[in-house]
Amino acid sequence: MSRLTPENEAIAREIISRYPKPKSALIPLLHLSQEQNGHVTDEAMVHLAELVDVTPAEVIGTCTFYEMFKREPVGRYVVNICTNIAFQLLGAEELLHHAEHRLGIKAGNTTPDGLFTIEDVECVAACTEAPCLTVNYRYFYKVDGEDFDAIVEDLRNGRQPTRKAAETGPDGAIPSHGTLALERQHIPADRAAGNADPDSAPAPVWLEQQA
Amino acid sequence: MTAPIVKVVTSRFDIEDAHTLAVYERTGGYEGLRKALTMSPTAVHDEVKAATLLGRGGAGFPAGVKWGFCPPGVWPRYLVVNGDESEPGTYKDRLLMERDPHQLIEGCLIACYAAGLSQCFLYIRGEMALAQTRVARALNEAYAAGYVGRNVLGTNFSVDIVLHWGAGAYIVGEETALIESLEGNRGMPRLKPPYFPAAIGLYGKPTIVNNVETLSNLGWILRNGSDAYKQYGSESSPGTRMFAISGHVKRPGVYEVQHGITTFRDLFYDEQFCGGIRHDHQLKMFIPGGGSSPWFFEEQLDLPLEARPVGGAGSMLGSGAIVVMDETTDAVKACLRVVRFYARESCGKCTPCREGTNWLETILQRIYDGHGRPSDIDMLLDVGDNISPGPYPSAGWEAEGLAAVPFPPRQTTICPLGPSAVAPVTSALRRFRPEFEAKIRRRAVNIPLRVEESAHV
Amino acid sequence: MSDTAPAKSTVSVEINGHTIEANPGELVIDAAERNGVHIPRFCYHNRMRPVGMCRMCLVEIDQGRGPALSPSCMIPVTEGMKVDTESERTRKAQDGVLEFLLINHPLDCPVCDKGGECPLQDNTVAYGPGESRFVEEKRHYEKPIPISDLVFLDRERCILCDRCTRFAKEVAGDPLIHFQGRGSRTEVNTFPDEPFSSYFSGNTVQICPVGALTSSSYRFKARPWDLTEVESTCTTCSVGCSVTLQSSRNRLLRTMGVDNDATNWGWLCDRGRFDIEAVESDNRLAEPLVDGAPARWSDALRKAAAAISGALRDVGPSGIGVIGGARLTNESAYAWAKLAKGVIGTDNVDAQLGDGLPGELLFGLPRATIAEACAPKGTIVLLGSDPKETLGVLYLRLRHAVVEDKATLIELGHGASGLTRYARHALHGEPGGALVELAHQAVALLPEGQPVTVVLGRTSPTEDPAVLAEAAQVFAAYGARFLSGLTRGNVHGALDLGLAPGLLPGRVTLDAGRSTFTDAWGSVPAGRGKSTAAMLAAAADGSLPVLILLGADPINDSADRALAERALQRATVIAVDTFPTDSVAHASVVLPAAGYAETDGTTTNLEGRILPLRQAVTPPGTARADWAIAVELATRLEADLGFDAVEQIWAEIASLSAAHEGITAAALASARDGVIAAGSGGSGGRPATIDSVPAVTAKRVPLDPTKLRLVVRRTMYDGATLTQQSRSLPSLYNDNEVRLHPLDFEKLGVDEGADVTLVAAEGQLTLPVVSDRGVVRGTAVVLANVPDAPVNILLSPTSPVIDVRLEVVR
Ligand SMILES: Cc1cc2nc3c(=O)[nH]c(=O)nc-3n(C[C@H](O)[C@H](O)[C@H](O)COP(=O)(O)O)c2cc1C
Ligand code: SF4
Ligand code: FES
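As given, the protein sequences belong to chains Y, F and R, one line each in that order.
Here the working numbering is used: position 101 in the first sequence is 101, and no number is missing along the way.
Here the working numbering is used: position 105 in the second sequence is 105, and no number is missing along the way.
Here the working numbering is used: position 760 in the third sequence is 760, and no number is missing along the way.
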């Protein structure tokens with residue numbers, strides 16, 4: 001069962017309603033399905049195709065363009081180590097090797113217990129804090145081997161790692177792979193300005209009246 | 001003499017909980033919006049034009065002028081906020097979204113009001129979970145407080161800001177790819193012409209794409225006026241700009257500096273900024289504007305942080321990302337690493353980019369691995385020439401009698417991504433050709449990238 | 001863009017030093033091509049939107065700011081522009097792109113179907129580098145994968161030009177193949193377990209610039225340099241798509257679409273593309289048969305002539321009937337009309353099998369071409385069978401008009417069609433007269449001041465043609481023009497040349513043409529003859545002892561199977577055909593005809609456009625052209641048709657027919673897009689063509705709440721003879737089902753998926769039942785001519801509607 005659950009389908013419909021054209025919601029919906037299942041399944045893509053009225057081939061076309069979408073199961077924690085230039089200069093490759101050695105897997109793979117996946121990734125926009133890694137897209141700055149071991153240990157034991165975590169508290173908590181924002185946007189019906197229909201939206205009233 | 005530090009967009013970075021509405025309102029937040037709503041949209045637009053607010057996403061185009069490119073009488077118009085920050089070395093938009101999301105929201109509202117934009121999509125890079133959380137929360141607060149949505153602050157100005165997020169693809173930062181992505185498609189850049197989405201953009205309608213930092217300036221400008229803004233920076237590049245300086249400096253970090261008057265030397269060596277090269281090493285080279293920019297060296301240190309002189313000197317300021325490399329850096333390896341980025345991130349649309357970037361990486365990798373051939377150097381340059389027909393922009397090197405080739409490069413591709421991969425190749429080969437030759441001659445003798453222990457500052 | 005366009009209507013552009021005049025808005029690549037300068041390209045295709053992906057078409061273009069390498073497929077011409085397609089920089093860029101493309105392209109040309117006709121190969125020879133400097137391993141993929149029943153994909157050969165994927169989405173509207181992955185790992189593929197089952201998939205094979213897409217039909221069959229080709233026209237349906245027929249050693253191997261601006265724009269549907277395989281079928285009739293046994297032509301012809309003479313003697317000319325003819329060439333149709341009406345003297349001649357419309361109706365309404373129907377911002381009213389299922393390429397044109405050219409589509413019919421999703425308004429009602437009311441409603445919805453074209457065909461064989469005639473008149477009164485939606489191959493040629501009761505060649509009535517044709521032929525029938533249904537009824541009751549079938553299979557393909565069986569059992573049947581169909585099995589004399597691609601001549605499409613047919617291979621055995629059979633049969637009847645070559649027949653048509661005046665062989669030969677036959681209104685002593693329709697009021701039959709009204713829908717792949725005799729298509733048909741509106745299930749007490757029996761006065765048929773929102777409430781939709789589930793056992797051409805009872809099978 002990896003179509004969206006009824007609750008998630010309701011969320012999906014709310015997301016779709018915020019766009020003038022349903023297909024625009026596709027990437028957020030792929031995230032939603034990944035949040036539900038940990039990865040994006042074929043059944044989920046068929047469901048999303050129905051929801052946004054495109055073919056499954058179009059959904060998979062979009063899905064496979066973006067590297068955050070995993071079509072195979074990955075670890076509960078996806079550890080991304082940036083090795084781009086600013087990080088490489090300050091030891092990212094060593095950190096990556098350490099991580100591979102420590103977890104016994106090469107980058108791109110998942111530990112047999114299904115807990116960790118390591119990825120060698122491009123710039124994560126924390127270049128001044130090199131070397132750095134993210135766990136399920138939560139940042140840890142200026143990480144060395146020892147820090148890495150501590151982070152892994154904490155996660156293994158079900159603790160929120162705090163060492164070198166860039167943000168702590170509820171904002172920085174690490175949910176399992178697939179969950180991004182911890183809060184969803186919600187536009188209350190009585191506050192919504194409404195979508196601007198590309199085929200028929202009129203000139204904005206405030207322009208006309210103020211000009 | 002280094003220009004004093006002025007904080008326009010990072011003024012709340014040191015305040016705790018600045019991302020909340022309460023703190024934002026307490027520190028002057030939404031005053032720019034309130035002020036704008038008392039003015040006519042045209043007057044607001046004029047104010048932004050007068051401020052010469054240059055785009056911070058890379059191309060440095062003045063925002064006020066760009067808004068004016070929307071064809072008259074074609075509705076609706078959209079605003080798309082480019083928060084896809086992924087250029088190697090770039091690290092500022094994430095901070096702005098995490099630490100001061102309301103400032104961005106206020107900027108979006110002002111832009112929509114001034115340019116008659118009926119709906120706003122705020123596109124945040126997929127990997128930025130915290131920024132997404134903070135912006136979502138801020139939007140929810142702002143809706144509840146009446147700043148966003150129907151009849152903003154009781155006026156007839158209504159606009160929805162929709163939080164959208166990506167899923168990992170650098171190319172989506174290119175504005176037409178961003179629009180494709182926002183339409184639910186593969187993020188592949190669209191054909192030019194039209195050169196600006198302001199003519200034909202999202203759903204085929206006029207669309208303004210602005211960078212997060214660009215928009216984050218608007219609240220301040222409206223609150224304090226364009227004259228106040230122009231007191232900072234240089235005449236052609238007023239205000240301030242955020243720069244992320246990473247790599248081999250003593251205090252890497254994100255600094256807001258006065259635009260156009262601060263120099264690279266100030267940034268690297270001044271105590272209020274980076275405080276010098278680590279271990280007081282020699283500077284070897286630096287990337288002045290993100291991975292896509294040709295490299296600069298010692299000789300360019302005194303250039304001001306301003307688009308035109310930097311462009312004339314053969315590179316670009318791009319997205320405010322500076323990567324500093326000291327004498328211990330292996331030029332071949334650094335070159336390979338940057339090229340690899342573009343090879344990985346090519347969207348695959350244009351043949352020269354899709355195949356050429358990979359080929360460049362393949363050749364560089366074999367040189368680095370000690371399997372290079374003497375003909376490889378010319379081949380690198382020739383493959384580069386087939387992606388970006390030369391001469392490629394590069395810094396001057398007086399000692400060798402080489403003049404600067406000014407920016408921008410020519411391209412056989414749709415977007416500048418492919419040609420970006422040529423920047424490190426030509427930069428490195430022009431300056432450090434002997435290192436390449438040595439690797440090819442001596443085979444597999446690599447200078448370690450870091451000679452000393454890891455440089456935790 | 002600012003339009004400070006100069007007053008003149010063209011744009012002067014300099015290409016390689018020569019000034020040429022280009023059309024405003026034209027792309028540089030097209031302007032150059034029209035002026036004899038070929039710019040190499042892979043992704044650009046003039047019938048699809050440019051994507052500018054491959055970068056092969058880079059040339060130096062100077063728009064006033066100095067020459068810059070620019071993709072000529074993206075840049076529209078501007079006044080004073082200078083283009084250099086031969087400069088050193090252009091050459092290097094093109095060289096570079098080719099080298100890049102070859103990095104990952106396997107060099108397996110010797111075993112590649114495309115070898116010898118491959119743009120990549122050709123461009124490499126013409127523009128490319130001598131040899132590759134790329135020494136590393138190429139990208140590898142699993143060898144060719146079937147992406148549908150008809151198409152294989154070899155991803156290693158793919159150069160990612162986006163042609164097939166763009167075609168699927170933009171042209172066919174079936175985005176079932178798509179780019180997947182990113183960058184150098186990009187590939188074209190389908191969704192897992194969801195094949196590229198588009199009716200138009202074969203076009204992707206044709207437009208693929210390398211050998212990445214190949215058709216299962218042609219794979220490894222031949223090398224291009226062994227092929228001989230002739231230009232011809234597809235006659236699978238009545239759109240008249242231009243094709244080339246490619247053959248080798250007298251075997252027809254492949255057909256490819258040719259870009260005809262008026263009709264197919266280069267596209268073909270898969271049915272048309274692949275049913276030519278039937279030409280090669282082992283089941284072809286190759287020798288005459290008499291009473292089921294092989295016979296010599298002379299004996300078979302003598303036997304046939306004797307049967308005809310006997311009927312003439314016993315009953316008179318009305319004792320002989322001719323059914324069929326829509327498969328024939330124009331020339332053969334004329335020869336048979338002359339034989340039947342001029343020599344035998346019978347007007348019992350009908351090329352339609354009860355599922356068409358009277359020729360008088362079509363001739364009497366003002367006609368439109370496809371281009372006129374599809375004009376940008378025009379309005380199209382659909383009032384006929386589903387074009388997606390029956391007139392594939394017309395569907396593409398109509399879809400394009402709506403999606404790309406902002407035409408408005410209004411659909412009238414008995415339920416959803418393949419175009420419903422593109423329709424501004426879809427007005428659906430049951431057979432029995434509802435369409436007339438809907439026509440009045442539709443007229444009220446027509447946008448002001450825009451030309452309106454009605455695509456007029458038969459919505460269902462269970463709808464009375466009078467209803468369609470009455471509905472058509474509603475639009476005619478509004479000033480609409482009409483494009484015929486009749487579907488059979490050359491039905492329009494057959495009608496134009498008199499293979500219909502009451503008509504003579506040239507769209508004239510018996511009376512209007514009487515003097516001309518009496519002069520030319522010696523005699524014409526006295527009065528209007530019988531339609532197919534009436535002929536079958538007469539044959540069944542013994543009053544019509546001889547039936548001639550001209551490539552017709554009334555048992556499977558007419559509106560009353562039981563009646564057809566009785567008729568063929570009772571009458572003496574003379575069958576002129578290419579295959580031993582169920583109907584041919586009843587014939588006492590079988591005369592094997594030359595089939596498609598085996599004769600020269602012309603055909604007429606639904607616009608009335610005359611298009612060429614060319615012989616590519618010789619007919620099997622002793623089979624011969626239909627017109628030649630007519631000539632010989634006439635001889636046995638002691639008459640001389642007066643011609644013994646196709647050219648002579650055409651000359652006779654052009655000299656006598658009011659609709660074909662001026663369309664000489666020379667005029668045809670010089671017209672690229674074919675020539676439209678139009679009524680001449682009786683000039684130059686020719687008879688007047690039919691130019692008005694009499695007012696009709698069709699019978700209204702209210703729905704019977706205790707029953708379901710039957711709607712019969714045609715589908716692309718059905719039991720049609722050629723489809724079933726081809727190699728690739730026979731299994732592609734959909735199983736037959738009864739489709740009901742979801743809200744009718746409860747009322748009827750049935751569950752989705754149950755087997756139900758439809759009980760009609762004529763017979764009954766058991767099928768599973770499925771729900772479909774596109775079905776009109778109170779109706780049941782069943783597919784026509786599905787092998788083993790023949791719906792025509794429920795039909796009766798004499799009832800205005802067919803109401804059925806539904807019984808659940810327990
Ligand atoms: C390959 C490529 C990547 C880009 N990435 C970004 C980006 O991550 N963020 C951004 O704001 N602009 C990026 N840009 C620039 C945008 O295309 C666009 O110019 C910018 O968002 C406009 O905003 P501004 O006028 O406010 O600077 C990129 C451009 C290219 C060619
Ligand atoms: S240059 Fe590269 S990234 Fe840019 S559109 Fe072309 S293929 Fe895509
Ligand atoms: S033909 Fe112009 S880019 Fe491909």
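Source of the hints: derived by calculation from the structure; they are not laboratory data.
Any given hint could be a false lead.
As the list claims (entries may be wrong) - The calculated BS3-like cross-link candidates involving lysine-lysine, where the alpha carbons are at most 25 Å apart (straight line), are:
no.: 1; chain 1: R; residue 1: K221; chain 2: Y; residue 2: K21
no.: 2; chain 1: F; residue 1: K250; chain 2: Y; residue 2: K164
no.: 3; chain 1: R; residue 1: K143; chain 2: R; residue 2: K82
no.: 4; chain 1: Y; residue 1: K21; chain 2: R; residue 2: K377
no.: 5; chain 1: F; residue 1: K230; chain 2: F; residue 2: K250
no.: 6; chain 1: F; residue 1: K250; chain 2: Y; residue 2: K142
no.: 7; chain 1: Y; residue 1: K142; chain 2: Y; residue 2: K164
no.: 8; chain 1: F; residue 1: K230; chain 2: F; residue 2: K192
no.: 9; chain 1: F; residue 1: K7; chain 2: F; residue 2: K49
no.: 10; chain 1: Y; residue 1: K106; chain 2: Y; residue 2: K21
no.: 11; chain 1: R; residue 1: K221; chain 2: Y; residue 2: K106
no.: 12; chain 1: R; residue 1: K707; chain 2: F; residue 2: K192
no.: 13; chain 1: F; residue 1: K192; chain 2: R; residue 2: K82
no.: 14; chain 1: R; residue 1: K377; chain 2: R; residue 2: K406
no.: 15; chain 1: R; residue 1: K138; chain 2: F; residue 2: K192
no.: 16; chain 1: F; residue 1: K66; chain 2: F; residue 2: K250
no.: 17; chain 1: F; residue 1: K250; chain 2: F; residue 2: K49
no.: 18; chain 1: R; residue 1: K82; chain 2: R; residue 2: K92
no.: 19; chain 1: F; residue 1: K66; chain 2: F; residue 2: K192
no.: 20; chain 1: Y; residue 1: K106; chain 2: Y; residue 2: K70
no.: 21; chain 1: Y; residue 1: K21; chain 2: F; residue 2: K7
no.: 22; chain 1: Y; residue 1: K106; chain 2: Y; residue 2: K142
no.: 23; chain 1: F; residue 1: K35; chain 2: F; residue 2: K7
no.: 24; chain 1: F; residue 1: K7; chain 2: F; residue 2: K250
Comparing the hints with the structure gives:
1. K221(R) - K21(Y): violated (46 Å)
2. K250(F) - K164(Y): holds (19 Å)
3. K143(R) - K82(R): Outside the cut-off at roughly 45 Å; violated.
4. K21(Y) - K377(R): The given pair, whose Cα atoms are some 23 Å apart, holds under the 25 Å limit.
5. K230(F) - K250(F): violated (31 Å)
6. K250(F) - K142(Y): holds (14 Å)
7. K142(Y) - K164(Y): Holds. K142(Y) to K164(Y) sits at ~7 Å (cutoff 25 Å).
8. K230(F) - K192(F): violated (33 Å)
9. K7(F) - K49(F): holds (21 Å)
10. K106(Y) - K21(Y): Violated: K106(Y) and K21(Y) sit about 41 Å apart, past 25 Å.
11. K221(R) - K106(Y): Distance of about 47 Å is beyond 25 Å: violated.
12. K707(R) - K192(F): Violated. K707(R) to K192(F) sits at ~60 Å, over the 25 Å cutoff.
13. K192(F) - K82(R): holds (19 Å)
14. K377(R) - K406(R): holds (5 Å)
15. K138(R) - K192(F): With Cα atoms ~31 Å apart, K138(R) and K192(F) exceed 25 Å; violated.
16. K66(F) - K250(F): violated (38 Å)
17. K250(F) - K49(F): Violated. K250(F) to K49(F) sits at ~38 Å, over the 25 Å cutoff.
18. K82(R) - K92(R): Distance ~19 Å between K82(R) and K92(R) Cα, so the pair holds.
19. K66(F) - K192(F): holds (16 Å)
20. K106(Y) - K70(Y): Within the cut-off at roughly 17 Å; holds.
21. K21(Y) - K7(F): Roughly 40 Å separates the two Cα atoms, so the pair is violated.
22. K106(Y) - K142(Y): Distance ~22 Å between K106(Y) and K142(Y) Cα, so the pair holds.
23. K35(F) - K7(F): Roughly 21 Å separates the two Cα atoms, so the pair holds.
24. K7(F) - K250(F): holds (22 Å)
In terms of the numbered hints stated before, the structure departs from hints 1, 3, 5, 8, 10, 11, 12, 15, 16, 17, 21, listed from lowest to highest.
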